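**Q** Single-letter residue listing:
Protein chains: 2
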Amino acid sequence: MSEQIVEVATRAREAATVLALATRATKDAALEAMAAALLDGTDTILAANAEDVAAAETAGTPPHLIDRLRLDGGRVAAMAQGLRDVARLPDPVGEVLRGSTLPNGLELRQVRVPFGVVGVIYEARPNVTADAAGLCLKSGNAVLLRGSSSAVRSNTAVVGILRDALEAAGLPADCVALVPGEGHDPVKALMRARGLVDVLIPRGGAGLIRSVVEESTVPVIETGVGNCHVYVDEAADLDMALAIVMNSKTQRTSVCNAAESLLVHEAVAADFVPRVVRALQDAGVTIHGDAAFGAHDGVVPATEADWDAEYLGLEISAGVVPDLDAAIAHIRRHSSGHTEAIVTGSQAAARRFTAAVDSAAVMVNASTRFTDGGEFGFGAEIGISTQKLHARGPLGLPEMTSSKYVVTGDGHVR
Amino acid sequence: MSEQIVEVATRAREAATVLALATRATKDAALEAMAAALLDGTDTILAANAEDVAAAETAGTPPHLIDRLRLDGGRVAAMAQGLRDVARLPDPVGEVLRGSTLPNGLELRQVRVPFGVVGVIYEARPNVTADAAGLCLKSGNAVLLRGSSSAVRSNTAVVGILRDALEAAGLPADCVALVPGEGHDPVKALMRARGLVDVLIPRGGAGLIRSVVEESTVPVIETGVGNCHVYVDEAADLDMALAIVMNSKTQRTSVCNAAESLLVHEAVAADFVPRVVRALQDAGVTIHGDAAFGAHDGVVPATEADWDAEYLGLEISAGVVPDLDAAIAHIRRHSSGHTEAIVTGSQAAARRFTAAVDSAAVMVNASTRFTDGGEFGFGAEIGISTQKLHARGPLGLPEMTSSKYVVTGDGHVR
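Residue numbers (this note's numbering), protein chains in the order written: chain A, 571 to 984; chain B, 571 to 984.
Nothing false has been slipped in among the hints.
Note that the list lumps identical chains together, so a pair holds whenever it fits in one copy or between two copies.
Below, computed lysine to aspartate or glutamate pairings styled on EDC-like, alpha-carbon distance capped at 20 angstroms:
{"no.": "1", "residue 1": "Lys758", "residue 2": "Glu573"}
{"no.": "2", "residue 1": "Lys758", "residue 2": "Glu693"}
{"no.": "3", "residue 1": "Lys758", "residue 2": "Glu577"}
{"no.": "4", "residue 1": "Lys758", "residue 2": "Glu785"}
{"no.": "5", "residue 1": "Lys758", "residue 2": "Glu784"}
Calculated from the structure, these hints are not laboratory results.
Quick caveat, the model's predicted, so the values are computed rather than measured.
Looking at chain A on its own, in the form it has when it is part of the complex (with noise of 0.2 angstroms):
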């Protein structure tokens, strides 16, 4: 382990202590800090996201990834917003998630408590830095953050602002620090502190998700790779269908829960596949079709890739089934397990949908772009976890937490 990692894995621990026992009311007001310190610091953190541009830019970066890494005053003031609203959320630490008196008088309860230093890896947008930093401390845990490279001094003013914030507020600086160093080494040495980082949680595309889970020996939480699905039953109101469809697959693409792949029951293919593909390609979405699909013009034959493919963009992966347990049987064998959709009028087959489909969130009737933490009523999300260990779904502030047992007698003895 690099020694630089375990001083500052270390300085995390320690500030996790303190952390550990701030009340609600000493971590809202630093978050509610924090949020002023962005806002204040505005033009030190566009001053060095213009040079992240401009250092992206000489390198040839494709404008959308700019786009993605470029801040202005309104999204800053958003990440603010952000943390003022973690800050209203109730604080999950101190939960009794159960508790007894057992039949010889120990009285028992189960608390949820901080896990203690989170390892957040993440490539997206250095608003992702202050979401994540507010999340962690209100469930009060530290943080150790790891940008992309190319938002490295755009992460480093707000971390620098948040710290100061922190300090400022009674807490330690070290609630919330950048893992320092280049290149893939340290996220290495991050991956293998076990016993100072106590859960990884990797965000980002399928390649480094599937690295962190090959190497890392710190329990990681798996999030956001989504080939959701929907499948059109025979028993669909078809109007309801083409809606469903098209906002899964058309209202935002480049999200883990928009649709990647369309099942479509035999009963009702001849009135709905002509409808779709026209809505579809109307919409300017690429249609990898099996044979009953590819009847239609301009719809390209599906390879076996396709059905495992998580497009992110305007393409669909499209097919006709005999039944609904073929449509379940696809599911299984394709699904990265995020969300899946059906639409049927049919209470049985809702019913055996919902029951045998194994995914973090099944939708009856329900776009797919409900998977959500906002949706569901959360307040904020980390991500959405495709893991059954732990968490499953949408990352809410309870799921950033782990429990203990509290015991108390009177001298018991067995």
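Assemble chain B onto chain A, guided by the hints.
**A** Using the frame of chain A, we list chain B on its own:
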């Protein structure tokens, strides 16, 4: 990944999709059938076990390990009773963990679902084979079992009987299977079977657990390493303290919730240390003490390694601390995060200790030996988690599940 493991894990996965949809009535009937079959098959099991024992004796295995390996009619009956006890526990699958109607009318439910396929790697007695099979079946999970190679004949006999009973009860035999093959390679393959195996639970010594954590790409739940502390505060009732120390250390020494380290506040050291030294030595316990304990005959000087040791026998490390915070700091540095106890009459000391000590269980005026699924009223446990992700403390049936969100609308789009 070895072909054999892929084959057995793929069959388990198929069985798991059937088992996940089985009703409680079906699962309980299968557990009763499995219990009856174990009793009917006692002769077969004991004959296989006798071969294991004979082979171990020939190999010069030490007597306490032979003892752990040996089954008799009583132990087989206890295995059967264990399955019946699990049948009587509530089914965790289908429990609604949270539910609400969102502002837009979408109905949101978070529902407990099985993991899918659970791998259990264990070194313990052959009765773990039936225990793990029962807990996994009831929680809707197919299980891949990898026991000690010295118990392979016993485990094969038990699993064969359980699989026949499952099939007779209308569930797939592949809900329970042994991982085939000799040596470490099959274990290695199991640890890399990401996508086929959902969770691995190692049960055994620190070496086994460390190697699984290091090598596994399948998510792991760590269990059972316990360097448990008892801290005797200045405000302790010293009779109570003596009883709790003696019970924590000597009631059963080979278990993870036995105390391995004793800390005494210096204000009561002059009174308490001589008493506890005498009582421990009378019980045959070797004390690895600091200077204060070392002033007593027969106390061995503690090395740095002693403070981290999990003796699992009649040994204890012991020291005097200047105050409560020094005890907490010592525990933070040396504890394995299993169970720590404070003996105190002070409400403030109890509150500070339970808040600041970050372990799976924190006891106030009670023996460390109470950290146990049975004692906690969970009915059964598959181990005691010392990690913070997913589950911490005794793993009962609810901890053997994941969850999913089911979202119902009537054509909702964003």
